[in-house]
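**Student:** Chains A and B are the protein sequences, given in the same order.
Sequential numbering from 6 applies to the first sequence in the working numbering.
Sequential numbering from 3 applies to the second sequence in the working numbering.
I should point out that these hints are in silico values taken from the structure, not numbers from a laboratory.
A few of these clues could be false.
[Stated by the list, open to error] Beyond 10 Å from chain A on every Cβ pair, some chain B residues (computed):
hint : residue
1    : Arg64
2    : Ala67
3    : Gln96
4    : Lys101
5    : Ile125
6    : Asp146
7    : Asp177
8    : Tyr196
9    : Thr221
10   : Lys273
11   : Ala276
12   : Asp316
13   : Asp317
14   : Ser341
[What the hints assert, rightly or not] Okay, the calculated bits of chain A under chain B, using three or more residues with CB under 8 Å as the criterion:
hint : stretch
15   : 46–53
16   : 85–99
Remember, predicted model here, so these are calculated numbers, not experimental data.
All C-beta atoms in this analysis are idealised placements derived from N, C-alpha and C, irrespective of residue type, glycine included.
As a plain string of letters, each chain reads:
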Amino acid sequence: MNQHLPSRLLEAAVNEFSRLPGVGRKTALRLVLHLLRQPNSDVERFGNALINLRQKINYCDECKNITDSAVCDICADKKRDRSVIMIVEDIRDVIAIEGTHQYRGLYHVLGGILSPIDGIGPSQLNVDSLINRANGEDVEELVMALSTTMEGETTSYYLYKKLQPTGKKVTAIARGISIGGELEYTDEVTLGRSILNRTLYSENKTV
Amino acid sequence: MFLKKIELLNFKNYEEASLTFDPHVNCFTGSNGGGKTNLLEAIHYMAMTKGYFSTTDAQNLRHDASMFHIQAEFVTERGLDTVSCTLRSGQKKQFLVNKTEYDRLGEHIGRFPVVVICPNDHIIITGGSDVRRRFIDGIISQVDKSYLFTLMSYNQALLQRNALLKKVAVSGFMDAGTIDLWNERLVELAGPVYEKRTAFINEFQPLFNASFNFICGGTESTDLQYQSSLSDEDFKAALEKNLKKDIELRYTTLGIHKDDLQIFINGYPVKRYASQGQQKSVTIALKLAQFEYLSKIGYSKPMVLLDDVFDKLDDNRVSRLMELVSQDRFGQLFVTDTSETKLSSVFQKVQVKHKIFHVSDGKVLQTEQQLHEL
Ligand SMILES: [Zn+2]
Numbered sequence: 006m007n008q009h010l011p012s013r014l015l016e017a018a019v020n021e022f023s024r025l026p027g028v029g030r031k032t033a034l035r036l037v038l039h040l041l042r043q044p045n046s047d048v049e050r051f052g053n054a055l056i057n058l059r060q061k062i063n064y065c066d067e068c069k070n071i072t073d074s075a076v077c078d079i080c081a082d083k084k085r086d087r088s089v090i091m092i093v094e095d096i097r098d099v100i101a102i103e104g105t106h107q108y109r110g111l112y113h114v115l116g117g118i119l120s121p122i123d124g125i126g127p128s129q130l131n132v133d134s135l136i137n138r139a140n141g142e143d144v145e146e147l148v149m150a151l152s153t154t155m156e157g158e159t160t161s162y163y164l165y166k167k168l169q170p171t172g173k174k175v176t177a178i179a180r181g182i183s184i185g186g187e188l189e190y191t192d193e194v195t196l197g198r199s200i201l202n203r204t205l206y207s208e209n210k211t212v
Numbered sequence: 003m004f005l006k007k008i009e010l011l012n013f014k015n016y017e018e019a020s021l022t023f024d025p026h027v028n029c030f031t032g033s034n035g036g037g038k039t040n041l042l043e044a045i046h047y048m049a050m051t052k053g054y055f056s057t058t059d060a061q062n063l064r065h066d067a068s069m070f071h072i073q074a075e076f077v078t079e080r081g082l083d084t085v086s087c088t089l090r091s092g093q094k095k096q097f098l099v100n101k102t103e104y105d106r107l108g109e110h111i112g113r114f115p116v117v118v119i120c121p122n123d124h125i126i127i128t129g130g131s132d133v134r135r136r137f138i139d140g141i142i143s144q145v146d147k148s149y150l151f152t153l154m155s156y157n158q159a160l161l162q163r164n165a166l167l168k169k170v171a172v173s174g175f176m177d178a179g180t181i182d183l184w185n186e187r188l189v190e191l192a193g194p195v196y197e198k199r200t201a202f203i204n205e206f207q208p209l210f211n212a213s214f215n216f217i218c219g220g221t222e223s224t225d226l227q228y229q230s231s232l233s234d235e236d237f238k239a240a241l242e243k244n245l246k247k248d249i250e251l252r253y254t255t256l257g258i259h260k261d262d263l264q265i266f267i268n269g270y271p272v273k274r275y276a277s278q279g280q281q282k283s284v285t286i287a288l289k290l291a292q293f294e295y296l297s298k299i300g301y302s303k304p305m306v307l308l309d310d311v312f313d314k315l316d317d318n319r320v321s322r323l324m325e326l327v328s329q330d331r332f333g334q335l336f337v338t339d340t341s342e343t344k345l346s347s348v349f350q351k352v353q354v355k356h357k358i359f360h361v362s363d364g365k366v367l368q369t370e371q372q373l374h375e376l
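Extracted from the complex, chain A is given alone in its bound form:
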């Protein structure tokens, strides 16, 4: 389906949808036609939700997680253990780990992993804020919980070297089970166990 559509408006909308991950032009056209059949107000609400999301989204001052306030609920929670910070890729990992009910510390959301192919280098990630937090008095332990893909491992190693001068303990959640697996796909019980069984981060990673 590479031919141009008979309407420029239709063409523009289909183009935008097909830029989404996993959406081809065929699916994009189906979605756009679906929206065309909906009442005007529904589509307006849909469009506004996206525009508001992009313009008003806020990242927590401390952990960089997505939130509507200056500081997220987890960081604001006085009952959380402030001596431990778990380093994760994005909000999906926070949701997965919270789902286990096995972790009471804080998070630091990196905002991605190193991948020059995708144009992501250290400056695109929340690294400096992590080092600042790690230097904080309360902090005793930093837990690596990035995916075990080659890029995830490389990012962990990079952060480990950055964190070494802080003198703080660096650990990693134990995940022998699914190599190459990403956090959000691991089941809650396994994930919970791997948080409890975390070990000192070792330079001799498995590949």
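Please build the complex by placing chain B with the ligand on the supplied structure of chain A, with the hints as guidance.
**Tutor:** Showing chain B with the ligand alone in chain A's frame:
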């Protein structure tokens, strides 16, 4: 281990087919273009999760079909294993063993080992170094899973480093720390690959030598030389030394992705000096040595897929090859040839029971005298 049954749906020129195999020798015969090689391709899928004769999965969809499905039953010491592969166009292929999906497709490699011998194999000698690396990697992967995963990680890290080189070349700005990071990663991943390739060639060399002399009935001396930039210098230092050049070319010029294998007969490199006949013997010998190696190191005797080789080999080499078959050293054999008479006479000569399938226009017929009992 042997392949008992295979079923195809919309695969290549097959709309639907179901074949039940002999545990030893199976022959596919019929005119060219009828679909003989496509059956070998389907069997290869079941063993290696991908085709041997095709480069993409989509190439194997039947004309106008939007999905293909292959299903096979393997008889093993533990019982029956059902393997299936489904491709829906535009989607990731689904590969199941006993209805379970693997975490990583590569985990399947080596469970049902396979060796392919086909007329195009001469490119191992005449082609670029990538063909020889693929040959080596295809063997080691079948006996060592961590090798395959390390190699895949290395290739991924290589893509990342090349992307970074390009970025540096375009922007003119270099973050030395980040280059070092990917250098370290490559070094760490290249090490085990280099060591395993070295060890493999050492073990493979005598098997190749014996196979070569068996095929041509001679007493020549052969040699296999593994060539890698890692054997000349420290890889980390080499990456640092070549950085400027790499940035200019936007490409990593050194590493195990450049390794090569040189083959010698009596001290002369085969690629330049061997006759066509010798090259044919070398090619077959490499594949026989692959079979020997997999039998020795792997869990079970590999299946052997012989595509149209009788036509391309002289009678001498054919009968040598068949001697091996008759010695019961081979695992399950699948053979294609246009001539049924030729196939029958080859197997009659060595007194081997075989099953014949007539293939034409995507249809398979097992004739009355399907089991040629002797
Ligand atoms: Zn927060």
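**Student:** Checking against the hints above, which ones are violated?
**Tutor:** 7, 15 and 16
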